Every structure is written in C-alpha cells, then in structure tokens.
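For chain A, the structure is supplied; the task is to place chains B and C on it using the hints.
Spelled out from the first residue to the last, the chains are:
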Amino acid sequence: MQFTARDISFLLNGTVEGDASATVNRLAKIEEATEGALSFLANPKYESFLYTTGASVVIVNKDQVLASPVSATLVRVENAYSSFAVLLEKYNALKLNKTGIEQPSFIHPTAKIGGNAYVGAFAYVGPGVTVGDNCKIYPNTFIADNVTLGNNVTLFPGVTVYFDCVLGNNVIIHSGTIIGADGFGFAPNADGSYNKIAQIGNVVIEDDVEIGSNTTVDRATMGSTVIRKGVKLDNLVQIAHNVEVGANTVVAAQTGISGSTKIGERVVLGGQVGVVGHITIANGTQVQAQSGVSRVIKEENKPWMGSPAAPYKDHMRSQVVFQRLPELEKRIQELEKIIAELNKNQGN
Amino acid sequence: MQFTARDISFLLNGTVEGDASATVNRLAKIEEATEGALSFLANPKYESFLYTTGASVVIVNKDQVLASPVSATLVRVENAYSSFAVLLEKYNALKLNKTGIEQPSFIHPTAKIGGNAYVGAFAYVGPGVTVGDNCKIYPNTFIADNVTLGNNVTLFPGVTVYFDCVLGNNVIIHSGTIIGADGFGFAPNADGSYNKIAQIGNVVIEDDVEIGSNTTVDRATMGSTVIRKGVKLDNLVQIAHNVEVGANTVVAAQTGISGSTKIGERVVLGGQVGVVGHITIANGTQVQAQSGVSRVIKEENKPWMGSPAAPYKDHMRSQVVFQRLPELEKRIQELEKIIAELNKNQGN
Amino acid sequence: MQFTARDISFLLNGTVEGDASATVNRLAKIEEATEGALSFLANPKYESFLYTTGASVVIVNKDQVLASPVSATLVRVENAYSSFAVLLEKYNALKLNKTGIEQPSFIHPTAKIGGNAYVGAFAYVGPGVTVGDNCKIYPNTFIADNVTLGNNVTLFPGVTVYFDCVLGNNVIIHSGTIIGADGFGFAPNADGSYNKIAQIGNVVIEDDVEIGSNTTVDRATMGSTVIRKGVKLDNLVQIAHNVEVGANTVVAAQTGISGSTKIGERVVLGGQVGVVGHITIANGTQVQAQSGVSRVIKEENKPWMGSPAAPYKDHMRSQVVFQRLPELEKRIQELEKIIAELNKNQGN
Chain A
1216 MQFTARDISF LLNGTVEGDA SATVNRLAKI EEATEGALSF LANPKYESFL YTTGASVVIV
1276 NKDQVLASPV SATLVRVENA YSSFAVLLEK YNALKLNKTG IEQPSFIHPT AKIGGNAYVG
1336 AFAYVGPGVT VGDNCKIYPN TFIADNVTLG NNVTLFPGVT VYFDCVLGNN VIIHSGTIIG
1396 ADGFGFAPNA DGSYNKIAQI GNVVIEDDVE IGSNTTVDRA TMGSTVIRKG VKLDNLVQIA
1456 HNVEVGANTV VAAQTGISGS TKIGERVVLG GQVGVVGHIT IANGTQVQAQ SGVSRVIKEE
1516 NKPWMGSPAA PYKDHMRSQV VFQRLPELEK RIQELEKIIA ELNKNQGN
Chain B
1216 MQFTARDISF LLNGTVEGDA SATVNRLAKI EEATEGALSF LANPKYESFL YTTGASVVIV
1276 NKDQVLASPV SATLVRVENA YSSFAVLLEK YNALKLNKTG IEQPSFIHPT AKIGGNAYVG
1336 AFAYVGPGVT VGDNCKIYPN TFIADNVTLG NNVTLFPGVT VYFDCVLGNN VIIHSGTIIG
1396 ADGFGFAPNA DGSYNKIAQI GNVVIEDDVE IGSNTTVDRA TMGSTVIRKG VKLDNLVQIA
1456 HNVEVGANTV VAAQTGISGS TKIGERVVLG GQVGVVGHIT IANGTQVQAQ SGVSRVIKEE
1516 NKPWMGSPAA PYKDHMRSQV VFQRLPELEK RIQELEKIIA ELNKNQGN
Chain C
1216 MQFTARDISF LLNGTVEGDA SATVNRLAKI EEATEGALSF LANPKYESFL YTTGASVVIV
1276 NKDQVLASPV SATLVRVENA YSSFAVLLEK YNALKLNKTG IEQPSFIHPT AKIGGNAYVG
1336 AFAYVGPGVT VGDNCKIYPN TFIADNVTLG NNVTLFPGVT VYFDCVLGNN VIIHSGTIIG
1396 ADGFGFAPNA DGSYNKIAQI GNVVIEDDVE IGSNTTVDRA TMGSTVIRKG VKLDNLVQIA
1456 HNVEVGANTV VAAQTGISGS TKIGERVVLG GQVGVVGHIT IANGTQVQAQ SGVSRVIKEE
1516 NKPWMGSPAA PYKDHMRSQV VFQRLPELEK RIQELEKIIA ELNKNQGN
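Protein chains in written order, with our numbering: chain A, 1216 to 1563; chain B, 1216 to 1563; chain C, 1216 to 1563.
The hints are simulated quantities; they were obtained by calculation from the structure and are not laboratory data. Mixed in with the good hints, there may be bad ones.
Because identical chains share one entry, a pair is satisfied inside a single copy or across any pair of copies.
Claimed, not checked - In silico lysine-lysine, BS3-like type, Cα no more than 25 Å apart, as pairs:
1. Lys1444 <-> Lys1411
2. Lys1305 <-> Lys1411
3. Lys1313 <-> Lys1327
4. Lys1313 <-> Lys1244
5. Lys1411 <-> Lys1310
6. Lys1277 <-> Lys1260
7. Lys1411 <-> Lys1552
8. Lys1444 <-> Lys1517
9. Lys1477 <-> Lys1444
10. Lys1513 <-> Lys1528
11. Lys1244 <-> Lys1277
12. Lys1477 <-> Lys1260
13. Lys1545 <-> Lys1244
14. Lys1477 <-> Lys1244
15. Lys1277 <-> Lys1528
16. Lys1351 <-> Lys1444
17. Lys1513 <-> Lys1260
18. Lys1545 <-> Lys1559
19. Lys1351 <-> Lys1411
20. Lys1305 <-> Lys1444
Please read all numbers here as calculations on a predicted model, not as lab measurements.
Just chain A, same shape as in the assembly (with noise of 0.2 Å):
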C-alpha cells in the first residue's frame, strides 16, 4: 500500500502544504516517524515535533501555525485527530479484509449465513444460527443454537456465544469472550449444599457495542441480560446475570457488574470497579477506578470514589485526612496531655 499526500488529502477533504507527491507506506508517531510514514499533529504539547519528525506527510489542524520550517509535507484538515482516525480504520479494514469459509470449519445445515461471511476454520456454527451480512467468524469460534448476529459482526478467534443469544449490528467481541453463559445462581439447601438455578434467559447485545478479550457476560436467569447500543466493555469485565447496561456506556478493564444492576447511558465505570447487585446507577455517572458501589446512584452526571463509593470531592477530603491520621493520632494526643495539665492546674 503506498499514497501520495495528494492522494490523502482527497481523501480527508484537505489541502496539500508542500511536495503533493510525497509518498507514505506506513502510520507512525510523529517523534518516532522515519521517511515514508504518515504522521500528525493534534496534541499541541507535541508541536516541537513537527518541525523535527522524519515523518514524509504530516496531517495537521488546518489553523496550525508554523513557527519554524517544516520538511514534511503538511495535509491540512479540519480535525487532525479525527482525520487520522479514519485513516487508521481504513488501514486496519485492509488488515482484516478474510472472507470465505475456510476449511474445516462446522456449520450446520440449518444455519443460515449472510453474503460476504468469512468463517474461519475451526469455527462452529450451531443449529438455527442466523448471521447477517459482511459477518467475520474467526477460527475457533463458537456459536450456539438459534444464536442471531446481525450485519457486519466481528467474531475474533475464540470467542463463545451460548444458545439464544442475540447481537445486533456492527459488533466487535474480542478473542476469548464468552456471551451467555449461565448466570451465577444457586439455592442453599438446609445441608450447606446448593441447588443450580437453571439459567434459561439470553443476552441480547445490541448495535455498535465492542467487547474486549476474556470478557464475559452471562445470560439472564429469565429474561434478557442487556448490552445497550453503543456500549464499549474492555477486557476481563465481568456483567452477570440480569444485569442492562445502557447505551455509549463505557467500561474499563477488570470491573465486575452484579446481578440485576441496572447501568444508566453514557456512565463510565473505571478499571476494577465492582458494583453490587439490584441496584440502578443515573446516566452521566463516572466511577473512578477500584470504587465500589454498593448502593442506588440516582443524581445524574456525579463522579464517584472509593471503596464503597462516596461523591468524588467528598471522598477525596476523607482520603487527604486518611493520609494524615497518624498526625491527627498526635494532635489529639498532645490535646489530652494539656487538657490534663490545665485540670490539675484548675484543682480538678
């Protein structure tokens, strides 16, 4: 793959500062780029850069003013952010461009499969199956009965859907993710010992979600566990049984959802955050990273903290005075040995 500028700057709706013809084959950093990558420039703090990188092409914003000479040719665009990330996609599409259905690879005769698939081998398409159009099945995939994907789904290599599972359009599960597996519930018998409660709901995951690696989402005991459009979940999350996350909703790496817990639009949960079960988070919340909520959020749009999780600036009062207790120890120490000596002193 090799562009000239003029060829990115039609792209991106830009206009070419400099050599049009410059030609790029690769994506780099701007302070690590060498001649024959594309580069840019959005955070100012890495202004400096530009007037040194090795980059061939440098996308910019289209009022970036120069303060020294540059001798990359510059694409201005209206957001070079966003400009590069489009382009990023589109280099990464070409990446994962597999189609067909790669041998052996099991798909039964009831499954229907949408034009365009790519089902890699190894993969296992149950009975009932519906996939959509443009669909990716990666190796080692499974898909259970009657699960439903929509249109432009990307299964990567290992990951599990149970049975009766439903994702929409547009999703992406990472590899090794399990969707649908049984929620965790069980009935203590008088003897200490437990009864399964058989799990019998889906999981219903609906469009543009992403799903990171080793996640996992269990299926309702009844009923739906619900991924909301939109929603991103990193790795290693745990959703349970029961539990809707609402839409854009984004939750970062390691944290844990219990039972039933309703998560509200656009919340962002941090890294290894838990939350306990039966309750309902506002939409708008931000929980920082390792708090744990154990009780209903109702006020909309509040950042959280710690462990069990307080409004944010009030948590961050008691955790400045946590680090100084043992100070707080001696004030009251030396408060109680004047308090003695001015008792003695009054006779009492």
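Frame of chain A, contents of chains B and C only:
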C-alpha cells in the same frame, strides 16, 4: 413443548386451582408474563402481580392467601421457588441434550469415553483420558493426557484441562475456564532474572462443583490444588497452586486466592476479594466484596470486610468515621484553638 | 521412569549418604512422601520431617547437620532447593515432549514452521507466520497473519495471537491468553456515542517471558506494547495498549496496567493491583496486593501500598489509625466535653 396445568401439578406433586387444562409453552417472570406463559410467586413483594399477571399458569406456595380474584390457573406446591427451579432445570436439560461424536474431533485411541457422551467438533481428548458416562464435551474443548472425568460432567466450549487433572461426577465448567495451568512459581537469581519452578502436581475437582467462565485454577507445584464437593466458583476467579477450597464454598466473580491457602467449608467470598497465600480461612466465614484477607481467620461463621479485612462491624464503624474525617479534623482544630486561648488566659 | 540415588547424585553433582541403589519413581513433599518417592529439604522449618519421612531419597544442602538418624538415602548438594527445581523441570519436560503435526490442523502454505515442532489438532497458523525451532503449538491455538515466534516457544491450548505480533525465544504462554487484541481506544462524539480508534500497532514479547492463563495483552494503537525479557505475568492480568513492562518484572494475578504506562525493571506488582495510564514506575518498585498506583513513582526499590498507593510505611501507619477511628472520635468527644466544662468554669 407444551404442558397443561395438570401436567405441571402432577410433575411437582401439587394441586390445581382453576382450569386444569390451561396450556403453557414457555417460562416467564410473573410481572412480564403473557398468555401461554408459566410463572411463579415466591417472594411476597411480588404478590400484587399475581392479580394482574398475563400468565396462564402460576405456581404458588400451598398456603398462599388470595386477596383478590386471580385469572391464571394456580398450581399450589410445598415450595413455589424450589418447584420452579425444578422446572427451569428440566427446561434447560431439554436445551442441552446433545449426544454423539461430531466430526472433526480428536479422540486419542487410548482415551476411553463413557456411554451416552457428546463430543463436539474440534474437541480434543488426549491420550489416556477417561471420560465417564453421560458427559458433554463441547466444541473447542481440550482435555490433556491422563485426565479423568467422572459421570455427568459438562465442559462447555473452549474449556481447557491440563494433564493429570481429575474431575468428579456432575461437574459443570463453563467456557474459557482453564484447569491445571502451571502455578506461578519462580526462583529469583542473583542477576534479577527468575528460574521457573516446574509445576508437576495437578488439580482435583470433587463432585457437584460448578465453575463459571474464564476462571483459572492452577495445578499444584507438587500434590494437588483441590476444589471440594459442591463448591461454586463464578467467572474470572483465580485459584492459585496448592489452594484448597472447602466443600460448599461459594466464590463470586473476579476473586483471587493466592497459593497454598486453605479455604474452609461453607465460606462465602464476595466479588473481587483477594486472599493472601499460605493462610487458613475458617468454615462459614463470609467476606464482603473487594475485601483483602491478609491473615488467618480462626473463628468460624464470622463476616469480614475491608482491605486489609477486619471483622465486619469494626470495619463499618471505622468506615463511617472515615467519611467524616474532614469534620473530625475541624473539630480538632477547633479544640486546638480553644485550648490555645485557655492557655493564654491562664498565662501559660 | 525410575532412578537410583546414585543417578540423581550424578545428575545434580552431589554426594550420596546411605544406600546409593535406593530407587525412586516420583516426586513428593517431604511431609507426604512414601516409599519410592524422592523429596528435598531446603526450609529449616521442615527439618523434623527429615527424621520421619517415608521418602526413599531426600536431597539436602551439603552442610545439613543431622540431629537424629535418617532412614532415607541422602543426596547432599550445593543448594537443595534449586537442585530440586532442576529435577522438577526435567520431569516436566518429559511430560511435555510432544512433536509432530497433528491433523486436522490449519497451517497456511506461506507459514514457516521450524524444526522439531509440535502443532496440535485444530491449531491455526496463518499466512506469513514464522515459527522457530522446537516450538510447541497446542490444539485450539490461533496464530494470525505475520506473527513471528522465536525458538522454544510454547503456546498452550487456546492461546490467541493477533496479527503482526512478535514473540522471542523461550516464551511460554498458558491457555486462554490473548496477545494483541485491540487496545481500548474510542473517540467521543457530540451525541455521546464513540468512534473506534483503530489499533494498528502490535505486541512485542521478548525472550524468557512466561504468561499465565486468561491474561490479555493489548496491541498498541501505533508502535508496540512491549513485554521485556524475563517478565513473568500471572493469570487474568490486563496489559493495556502501549504499555511497556520492564525486564524481569513480576505481575501477580488479576492486576491491570492502563494504557501507555511504563513499568520499570525488577518491579513486583502484587495481585489485583491497578496502575493508571500514562505514568512511569521506577525500577525495583514493589506494590502490595489490591493497591492502586495513581501517579509516577520516581524513587527506585521502594514498597507501596493502598488505593491510592502511598509509601508502604506511611500507608500502614494510617491504616493502623483507621482501625481505631471510632476510638479516636470518642477521644475527641471527650475532649470537647472537658473543654466545654473548662470554658464554663472560666466563665467563657
């Protein structure tokens, strides 16, 4: 699948109240059920739905008093909750009734597979493996040399069992779980590098254990990592080498137990709990989510919380004050001011 | 496999004390060993077992003094612990000695496989992949386009390596671990939805790295996520995009490192630790389990604890007071009462 109220009553040893020929073909929650659905009422909080539900048949406790007329046919049983669990289980068993050997799969000639087994495509059963009767080995599962599986074992897709491990009867392991990978053991060298300490033990999982998805149970350095009868492990749990988890203990998602620790019977560990290595946790101990257990717990049946974990009430008392630390500091400042004043007045 | 004390002594460059023809066929802990077992004594705490053990042969340090008669044959060596580790390693190597290409497997015609390789059934080796000599690629493993593996690499069953990643020599990766899935990068839109930022970098894993099971190491946005020589990662660890982990660093289970963070050499991170993104951690830093590192650590070789992490001793001092907070508050109340009294007496 279609059943009448009479069929269900017969199955559950109950009595019918209303139209015994009412027919159902699916299960649903009482608050969501529509015609043709079977539901149940166990929790008094949901009683109001009994009078408004669209379900055709509802299972209730035999002593349920009716405050209003009910349109659904009732099946009265000893315990509505456990009766419904029985039905769920039967429903699920119908879903998971695969048998036979799918092709292509890999079964080593020296492996022994019991009667009525399911071995999915792309499953791998290594040399010397013994599989009991009625086992279900789903696609993409790997069973290494000399592993032994009891009867009625279910390994969902993508489970890996390393060599020499032993699984009892009725064990269920969900997708992506790894049994018997090497424990994390390294001996430091003078130059800062490490030598691997070979892990030559195994994992023993006793009867009636269920393990969630993407959990890891490491093999022992020597001897066995042991998961006792009836233990339930949730998703993304880490069990290190030489750990022993006592009978009927329940471990919630994302919890980790470090090497050589011995967890008692009927212990409940919440989610994201950490337990240090080489300690013992008494029977019946309950540990709140996100706690960190850093020392031996000798007294049985006590609740613990915090990181490091303290007795639950003690931790809660400290936690309450933690949230008022800024106020506490102000009170100390106030005292200091007053005392400085008093001292001045006394001419100190 | 059967060995005499003489064989073992020869192998370990030791000296025999007792019956040189004593025969062993397995390894066992000194406190559990029975006739025919080989054991070792390194930790003085276990010395008493030396006089009661059923082991036929025991490896001891050359300067071990005997307080009582010993029935087992002794093999005296420079360092009993490391000698035993050598034996364990040899024992294990005999267990994991598979070679050859099992069928059905998928090896793309453009892939190059080195000498003496094992490629298990249902393993997938993509186009342009290079595999060094003596590699073991277990069943259900996926190696994407243009991946490079050095010599003596072991990928246990179900490992996934995404395209363009590079693994050095002697790398061991346990089951279910995902190398090179997309980093978690999304650009927010005005309507609350997100655009995916394509992740076009790779993962580079240097020589002598071992990674546990179900761990995730994400590919860089651009450039490389780098795991330096000799690093050991435990199970369920999360390494985000563009992270660098320094040589000989050890990371315990369920720990997560956020994007672009640079961990120094010889760092030890306990279990369930979180490290925020875009920071640097100095060489030799030790972080206690469940801690959260939220800022740069510049000073080398220091221990840290807490969330947010503070220097170990500082945190412990605060933690000790935390546990006495209710008492502290009472002391303040007491002071307030006395002072109110004093004030009254002074007529204030």
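(message) Regarding lysine 1545 and lysine 1559, is the shortest C-alpha distance of 25 Å or less found within a copy, between copies, in both, or in neither?
(response) Both: 21 Å inside a copy, 22 Å across copies.
(message) I want to check one pair: lysine 1411 and lysine 1552. Are their C-alpha atoms no more than 25 Å apart within a copy, between two copies, both, or neither?
(response) neither (61 Å within a copy, 57 Å between copies)
(message) One pair to classify: lysine 1477 and lysine 1260, alpha carbons no more than 25 Å apart. Within, between, both, or neither?
(response) between (39 Å within a copy, 19 Å between copies)
(request) If the cutoff is 25 Å on CA atoms, where do lysine 1477 and lysine 1244 land: within, between, both or neither? Let me know, please. (result) Answer is between: at 17 Å across copies they meet the 25 Å cutoff, but 40 Å inside does not.
(message) Reference check for the pair lysine 1351 and lysine 1444, CA-CA at most 25 Å: within, between, both, or neither?
(response) Answer is within; shortest intra-copy Cα gap is 20 Å, inter-copy 35 Å.
(request) At 25 Å max between alpha carbons, let me know whether lysine 1444 reaches lysine 1517 within a copy, between copies, both or neither. (result) within (22 Å within a copy, 43 Å between copies)
(request) Give the relationship of lysine 1444 and lysine 1411 under a CA distance limit of 25 Å: within one copy only, between copies only, both, or neither. (result) between (32 Å within a copy, 14 Å between copies)
(request) If the cutoff is 25 Å on CA atoms, where do lysine 1244 and lysine 1277 land: within, between, both or neither? Let me know, please. (result) Within one copy only: 19 Å inside, 57 Å across.
(request) Up to 25 Å between alpha-carbons, please classify lysine 1477 paired with lysine 1444: within, between, both or neither. (result) within (14 Å within a copy, 34 Å between copies)
(message) Within, between, both or neither: how does the pair lysine 1305, lysine 1444 come out at a Cα-Cα threshold of 25 Å?
(response) within (23 Å within a copy, 34 Å between copies)
(message) At most 25 Å between CA atoms: does that hold for lysine 1277 and lysine 1528 within a copy, between copies, both, or neither?
(response) Classified as neither: same-chain Cα gap 39 Å, cross-chain 52 Å, threshold 25 Å.
(message) I want to check one pair: lysine 1513 and lysine 1260. Are their C-alpha atoms no more than 25 Å apart within a copy, between two copies, both, or neither?
(response) Between. Shortest inter-copy distance 22 Å satisfies the 25 Å Cα cut-off; intra-copy 38 Å does not.
The structure does not agree with the numbered hints 4, 7, 13 and 15 stated previously, though it agrees with the rest.
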